[in-house]
Each structure stands twice: as structure tokens, then as C-alpha cells.
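Trainee: Please construct the entire structure, taking both the sequences and the accompanying hints into account.
So the sequence lines, in the order shown, correspond to chains A and B. For what it's worth, the numbering used here labels the leading residue of the first sequence as 4, then goes sequentially. For what it's worth, the numbering used here labels the leading residue of the second sequence as 4, then goes sequentially.
It is worth saying that the hints were derived from the structure and are not from the lab. Check the hints yourself; a few may be wrong.
It does not matter which identical chain is used: a pair holds within one copy or between any two.
[Unchecked claim] When the alpha-carbon atoms are kept at most 25 Å apart in a straight line, the in silico SDA-like pairs for lysine to any residue are as follows:
| # | residue 1 | residue 2 |
| --- | --- | --- |
| 1 | Lys-170 | Arg-58 |
| 2 | Lys-59 | Phe-127 |
| 3 | Lys-68 | Glu-34 |
| 4 | Lys-170 | Ser-11 |
| 5 | Lys-68 | Phe-118 |
| 6 | Lys-68 | Ile-56 |
| 7 | Lys-173 | Ser-98 |
Just so it is clear, the structure is predicted and the values come from calculations on it, not from any experiment.
Number of protein chains: 2
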Amino acid sequence: MLDFVNKSWANTVTLFNIVFGSLSLVSTLHEDYQAAAIFILLAVVMDGLDGRIARKLGIISDMGKELDSLCDLVSFGVAPAILLYAQVLYSFPYSLGLIAAVFYIMCGAFRLARFNVLNISGYFVGLPITLAGAFLVPVSWFAYDLPDYLIMAAMVFFSTMMVSNLKIRKY
Amino acid sequence: MLDFVNKSWANTVTLFNIVFGSLSLVSTLHEDYQAAAIFILLAVVMDGLDGRIARKLGIISDMGKELDSLCDLVSFGVAPAILLYAQVLYSFPYSLGLIAAVFYIMCGAFRLARFNVLNISGYFVGLPITLAGAFLVPVSWFAYDLPDYLIMAAMVFFSTMMVSNLKIRKY
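Mentor: In C-alpha cells form, the structure reads like this:
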């Protein structure tokens, strides 16, 4: 019973991750881009917490891992891509901005699926999607001060880093 | 090499699923709700195809399964919830519509995570998220002819059906 409650704890925190990711999307819909970016940051905090809680309580579960990936894709894949699309990328000619946003989401999904199957511990392969999402928050904040092509470059850079074979040590 | 090409084939079709899911979200952003619903339907078609291709070629892979779940959450969880929020649910008092949309996404993620861990074949536990997403397409089409509370009821109904213990035979 206590085990169940503990597991539910970690999963509840994980679900808060996707709640903030969803709220980011809704904020983007309402053209409140600052709120959308803050919700992504809150999801980053939740994502840091759930892993810590699970490890501390010794309740790392397969279900927790699956749920974590699913929530990560929404909060750090879909939410920042749609946010930057709504802010800047929509204005590129030939739907190039749309392609960049969708490419980012695809790479995020691919990275999460690959990492779950590789089942490596100790280091990450490819830039973690949480980091990519977190890096895109300041990009969103300064979206109107930065030249458009730099935002596009950031999207393409983070997309390719996620699916790269880059190894990053876990701390 | 041929094996790799075959696997890539199924995964490419799966990635088309998330491409259509992302395009649905972008269409919602542009207030083109009819296109948003059609993109969800196209994602349903892709989701039916990739499993068929994988089974026919005998290339069901763990990575394919993970990728499938991730894409399903975007196309049949996030996309229809945001679409119906933008069409009707936003207008509910006390953010009730927002809560219903986020609840639907949470239930979708929970269902996918649980099903991946249970690893059951032969039947589904809980309404598959693809079906929930597909059912919400006509709801979106007739969103302005239906009373608002019925749309809210449909969201809550499909959410709870996804996390229920209902067993549905696979065909």
C-alpha cells in the first residue's frame, strides 16, 4: 500500500509536467507567449523533481519511465515548437518555419523512443529533450530581439543535437 | 541492411502520424478547425498503416512501439484536446473546459504508459487513444451544432474510458 502511494507520488509529479506542458500550449493559443514560456520552465522543474523523488524513494518503475517520456514530448517537444512557431517561425516563406517546428517535434519523439530502447544508464545519448526545451525558453523570451534566422538556426541545431550520437554524462 | 530499411519504413509511417498531429495543432492555432480535424483523421490512417506494415514485414520492434505511443499522444491526445478547447471548451466558466482538456491529455498519457508496461497482446485495456481521438473528430465537426455540455461530457467520457479497465478485443 505504502509502495503504491509512493509510486503514485512520483507519477503525480510527472503528470504535473504534462499539465504545465498543456497549459503552455493553451497560453500560446491565447497569444500569451510569456506565460507559455514560464509553463515550460515549470515543467522542467517538475521533470527534475519526479526523477529525484523516484530515485530517493527507490521506486523507479517502468510505468514511471514511460509516463516521463510521454510527458516530456508534450512539454519540451510540442509546447516549445508551437510557441516559437506562433511567435516567429510562422512568418518564414515556403512554410520553412512550419517544417522546422514539425522537424523539432519529430526529432524529440525519435530521441525519446531511441533512449527508452537503448536503456543506458550513466549517460545520455543525444541532447535530452528537457534540455532542448529549457534552452528554447530564453529563445522565446528574446524572440523579438533576435534575428529570425537565428531562431530558425536554434530550432534546427537542437533538433539535430537530440538525434545525434553525442554522449552527455548524467549528474 | 534490408532489415534496417524495412524498420525505417514502419518508423517513417509512424513519424507521419506525428507530422499530421503537429499540423493539426498548427491548424488550430490558425483557427482552421476543419483542417485540424482532418489532420487527426490522417494521423488515424497512418497509425493503422504502421502497425500493419510492421506486422506484415515481421519487424515489430521495441523502438517502433515506443515511437508509436509517443506519436499517438500528440495526434490523439494533445491535438483533439487543444482543437476542442479552441472551438468550444474555452468558453466554460471557472476554467472547467480547460480542466477537461488537460484531464483528457493526462488520461491519454496515463493509458499509453500503462499499456506499454502491461505488454498484453490480443486485447486492449482501456479505450485505445487512437479510437478516442477518432471519435472526437465528428465531435469537432459538429461542435457548433451540439450543445456545449455534450462536448464536455464526451471529453470526460473518453478520458475515463481510456483509464478504465475495460477490455477491448484486437482485430
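Trainee: Against this structure, judge whether each hint is valid.
Mentor: Hints and how they fare:
1. Lys-170 - Arg-58: Classified as within: same-chain Cα gap 22 Å, cross-chain 33 Å, threshold 25 Å.
2. Lys-59 - Phe-127: For Lys-59 and Phe-127, the Cα distance is within 25 Å only inside one copy (20 Å; across copies 33 Å).
3. Lys-68 - Glu-34: neither (32 Å within a copy, 35 Å between copies)
4. Lys-170 - Ser-11: between (31 Å within a copy, 23 Å between copies)
5. Lys-68 - Phe-118: both (11 Å within a copy, 13 Å between copies)
6. Lys-68 - Ile-56: within (13 Å within a copy, 27 Å between copies)
7. Lys-173 - Ser-98: neither (37 Å within a copy, 39 Å between copies)
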